[in-house]
Amino acid sequence: MAYRREGNQEQLLSSIISTVNSHKSPACARQAHRICMVSDFFYPNMGGVESHIYQLSQCLIERGHKVIVVTHAYEDRKGIRYLTNGLKVYYLPLRVMYNQSTATTLFHSLPLLRYIFIRERITIVHAHSSFSSMAHDALFHAKTMQLRTVFTDHSLFGFADVSSVLTNKLLTVTLCDTNHIICVSYTSKENTVLRAALNPEIVSVIPNAVDPTDFTPDASRRDNNTITVVVVSRLVYRKGIDLLSGIIPELCQKYPDLHFLVGGEGPKRIVLEEVRERYQLHERVRLLGALEHQEVRNVLVQGHIFLNTSLTEAFCMAIVEAASCGLQVVSTRVGGIPEVLPDDFIILCEPSVKSLCSGLEKAISQLKSGSLLSPEFMHDKVRTFYTWRNVAKRTEKVYNRVASETVLPMGKRLDRLITHCGPVTGCIFALLAMLSFLFLIFLKWLIPDDLIDTAIDATGLNGAWTRKYLRNKKKKENTTNC
Amino acid sequence: MARNILCVRLEHTTRQRWQKVLYKRQSFPDNYVDQSFLEKLRKNVHARKYQYWAVVFESGVVIQQLCSVCVFVVIWWYMDMGLLAPQWLFGAGLISSLIGYVLFDAIDSGIERNQSGQTRWGDLKNSVVFVAFTYGFSPVLKTLTESISTDTIYAMSALMLLGHLIFYDYGANAAIVSSTLSLNMAIFASVCLASRLPRSLHAFIMVTFAIQIFALWPMLQKKLKAQTPHCYMIITLLFALSALMGLLTISIVGTVLFALLLIAISCLCPYCLIRLQLFKDNIHGPWDEAEIKEDLSKFLM
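Here the protein sequences come in this chain order: A and B. Everything in the first sequence is counted per the UniProt record's numbering, starting at 1 for the first residue and increasing by one. Everything in the second sequence is counted per the UniProt record's numbering, starting at 1 for the first residue and increasing by one.
If we strip away everything but chain B, and leave its shape as in the complex, we get (with noise of 0.2 Å):
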């Protein structure tokens, strides 16, 4: 018995050292805090520093929906109101669809066409072959909706813009976005609102410019962000400045509330993400739940 005391002892004198494991009997109490003791804990492991004009550079992306949506109220407004012929608005839409075309081309020196291999020929067969149904079936859009009142089709297509700029994809990797959904979304709102216009025609270059708006237009914006960065701030400041002088011209309370909520998108939302990530307080330590990295799909090939 003493000797046994005696070992501990010697042991405890020359090992004082505690070991985090539990298969060796240690000479410290149970409930021992040793000065190790959360030595492992890290903070904010994932949390990322964030610079200002690069969140408001961002930011631009949802400017930009939002001034899509309000141009197209806009243009929807006038023709509503036989201030804008149709047939302005189609020259205008196939001017600006080319120039369009050909920046798409240019911006990158065609190399994304010869990868994937879509010739001009095929383009210009895909928007013939769209040209000519929608005209085919505009008349069949105006009447569709006649029997619906008139109230119900804008609370319509209230919801369904909103929810075009909920799903779309700004970039973020989330459950939520659904650049499809968001794009239909987009385009039953347009058949929604070109269906109350007064003729066919009307409602033809309406859908027509629906599409040009909210499927070619963030196409091209995506490459101009992706390649020339400085172009691509610039023409988000043209066009939410001209969304914002044409929805001037019809209600000034409507663009001072549209100016606003685009300044704290761009400037004030930015710098509220940034003050608030000084309050970010996650615990990673070895509990956490180990996250498997590697693709294992490869495996079941």
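Pulled out of the complex, with its shape left as it was, chain A reads as follows (with noise of 0.2 Å):
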């Protein structure tokens, strides 16, 4: 997962140069802001946001942007650390309260975070992740204090019950007044204009990308004399991991020759011990636990077929992880599932084991008659559909655009909160950001704003990093040169 491409970085810090060189840097036409990233979820965790958040912030450094990364402190990783490229991550004290998500007051991280944004001098606020309370909280402060504010859902909702109702509720306030959202597919898309009633103008979508390097296929790993079907995920309920233990005994009776290569870990996982023992598919059925990112792409190589049993997925890197690989794609119709692969990529079925069992068969069958695409072609043709870079490009558009909108003042923004949060909550809220306010002036009174130091920058226009880095490229070159 980690940045890890020096050939190609060579590459584009040249061209950067040369750019520079004739005077018409990429970084002064375009404008260059100064980001602050904030979420709960950060390296050391895994998951999708936080690779997300890891990649999208090089490939903006890489086009010339500041970006630093909030987070919270995870153990003893706390206070600023520096990654790759001269990003620069905070790790707050804040207590974390339930699943790697701090406790919410909205008025508790103020000071904290009004010191990093003005050390940091930070232009937009871009937030991730509906779970994260940090980046509410983020987001409701960058208002206060009229910072322009983008924010980023990773995740699908429903709106049937209690939960999902309050959630949503707190979606509506903190998105009403945030300058622009963006999802990472079109149902997302629509998911998060309906639970946060928002308009849908200011709404992007921009896909998660893999990285194609770290998924490439390799057929030699394959064992041609049995047929394998891989299955990378965390065995949870949501992963459909019930409708994996319906299938597991359904096919292995119909095909001897196939067997099942299941990673990840989770809750689930005695389900399917219980279905290996009932079945006696010791030998045909592998449960390998928990896998680091890594190891991912050695497992997938592995198989000729991926399953996919999600029950709900906004984007699903999984599947593009495995096309990338040259698997087959069988996966569940749901969320955003149908949006993410060409039709000769993937199989669709509905989410039920009859349906997802024809559809394993169809690609069986498939790749016995050797009607399927050839690993490398589906590499080739994967490689080209998501890409960081381009993930970068694009939001850098939204941040343009951001920048060139107007925050809404305090009393329009209150405004704004009562006439579209509804009246109870609009009016708690509206009394909220009055309270931030003041908080706010309070702190300016106690701490006035020249008096916070500005960092220097690590990245971005003039950052130090960046600087020393072209330094040290450019006496290579002239010594080359020479």
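Among these hints, one or two may not hold up.
As the list claims (entries may be wrong) - What follows is a list of derived Cβ distance ranges for each label pair:
hint: 1; chain 1: B; residue 1: 50; chain 2: A; residue 2: 95; range: 46 to 52 Å
hint: 2; chain 1: A; residue 1: 79; chain 2: B; residue 2: 32; range: 40 to 46 Å
hint: 3; chain 1: A; residue 1: 368; chain 2: B; residue 2: 281; range: 47 to 53 Å
hint: 4; chain 1: A; residue 1: 254; chain 2: B; residue 2: 280; range: 41 to 47 Å
hint: 5; chain 1: A; residue 1: 282; chain 2: B; residue 2: 101; range: 54 to 60 Å
hint: 6; chain 1: B; residue 1: 50; chain 2: A; residue 2: 406; range: 47 to 53 Å
Note that these hints are calculated values from the structure, not bench results. Here a beta-carbon is modelled for each residue, glycine too, at the ideal position from N, C-alpha and C.
Each of the two chains sits in its own frame; use the hints to bring them together as a complex.
Below, the structure written as structure tokens:
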């Protein structure tokens, strides 16, 4: 996952240098932003949101923007850290409440976040994930401080139960005065627009990406005497592991040469173990347990078919990774999955054992007849679909658009809250916004803005890190030229 | 470069249509809103259309249970006041039980009996054992709660009867429903109340009556409702009327209130349900979490 394409990068940097030399720096022509990514979820925690923030930040740095990341402390990882290419990460000492998400009071984090926003001279606050209370907090403070705000929603949410009604209300409050919202798929956009009652014009769809160099096919690792179905997912209910427990016995009885390779860990593992026990499939169903991200590719390339049984999914990186490794994908038709891959790369099924079994059987018969696409061909196609550079380019457009917009002044913001979020919630949050505004004035009196040191930029237009790197490069180039 | 632009233009003109896919680089801005936006939005998929009289009919089961509780309390009151001799109640109970027993088999011409393999000899044995035990233990019941104050007993009975009404299986598929708990609460209430009656014979007959009205009568009701809905309607009406008549001899205010409650439940509540149904606004779409509809437990059997 780590950003480690030295070769590529050198190329890119040299291209930057050449443009600098020709007095037409793309960073100069473009606006350079100072962006603060905020989310509760960041490394060392692993997951889709985490890698999204990291990869996006790296590509934005590459494009000449200053990027910092703010998250909460993970055990002994606290304070400020620098990651690859001078990506500065603040691990704030905030108490974690539930599922790696911090407690929210809408006030306690204001002093710290204000300090960071001023120190780093932030122009755009970009919050990630609706499950992260820190993201909601940061958006709230950023608006109080008259900064521009962007929010990326990574997940789908229902409308039926009490918990989603409450979360959706909170989202309405957070997003009603946010400048721009990014969703990872069209289905996710529809979902977010409905949940937060938004104008769809201010919602952009920018899909996730995968690093194609991490997921290359390797047909030699396959065992061609058998058919191997690979499943890589957390073993939880939402990933449809119960369906998998029905598919395994059904198909193993039908195809004696069928093997299952299951990577991932979770509470539903016991169900798979029971099935394996019950049908005596120890030889043919291997449960690998939790996988490190770099191991995923090595598991994927051992299979012929990738099976995804998710019950809900906003984008589904797993199927892109599998397709990039050249596996035929069989998946449930839920959420944004139908948008992700073209029809000849994926077999879509209804979320039932019967439908998934027939989908798998179709894939098996295609495999046996040799009519499947070759892994190399698939990889070459998929690598053009989703790249982080493209994501960064499109996100940059959002930033440019946001930078030209005005932030709602306090009075209008209160108006918007009251008219947009319903009479009760609107008034409560308008009051809270007012209080946070007064709190900010108090903080400004306590420590005036000009008493806060500005940090030396690591990244960005005149970033110390980028400059140093460039100078070294220049020297090297000069010596080679001589 | 120029050729590229030309290509893009060409593509643009030939394939203007926006597609809901992420893997294609389309010539539309990222915040483009297509006409098909929210096309797959469905509203009130699981909403049911209710017919007023059908709902009124279904509310009969609640009316029946309320009336059962009412009748039970009225009978207890009569016994406590000494207005009703226990022999009479026993006689009436016995006769109605026998009629009910015959009816129970007659309604579906004994199909269920044949299926379950329950013999008449078994029924007789069960009832004899039950009556004998209750009779034997009734002196104990009588003295069991002597040390507890009468107010506590009344409060406890009221609570238990309320609990019986709450947890009773009215046919809804909800987590709160538990017919065992409901029956136990009713029997507990009857034991409490019976212990305040003058003699142990009273207590015995009171508990037997409670079994009849809370355990046996609902079974017959269910069958009646399934097989002969018209009969069930009439019986519900008669039962409600008799409960009201019984209550009338004790308290006029109570009768009026109880009658209002019954009318509210059987007429007003269905009306409200149907009116409020119009305001239902459930949103469904492709973002909903899929439900697993199959029974997957068979794979683990």
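**Report entry** Violations among the numbered hints
**Finding:** none
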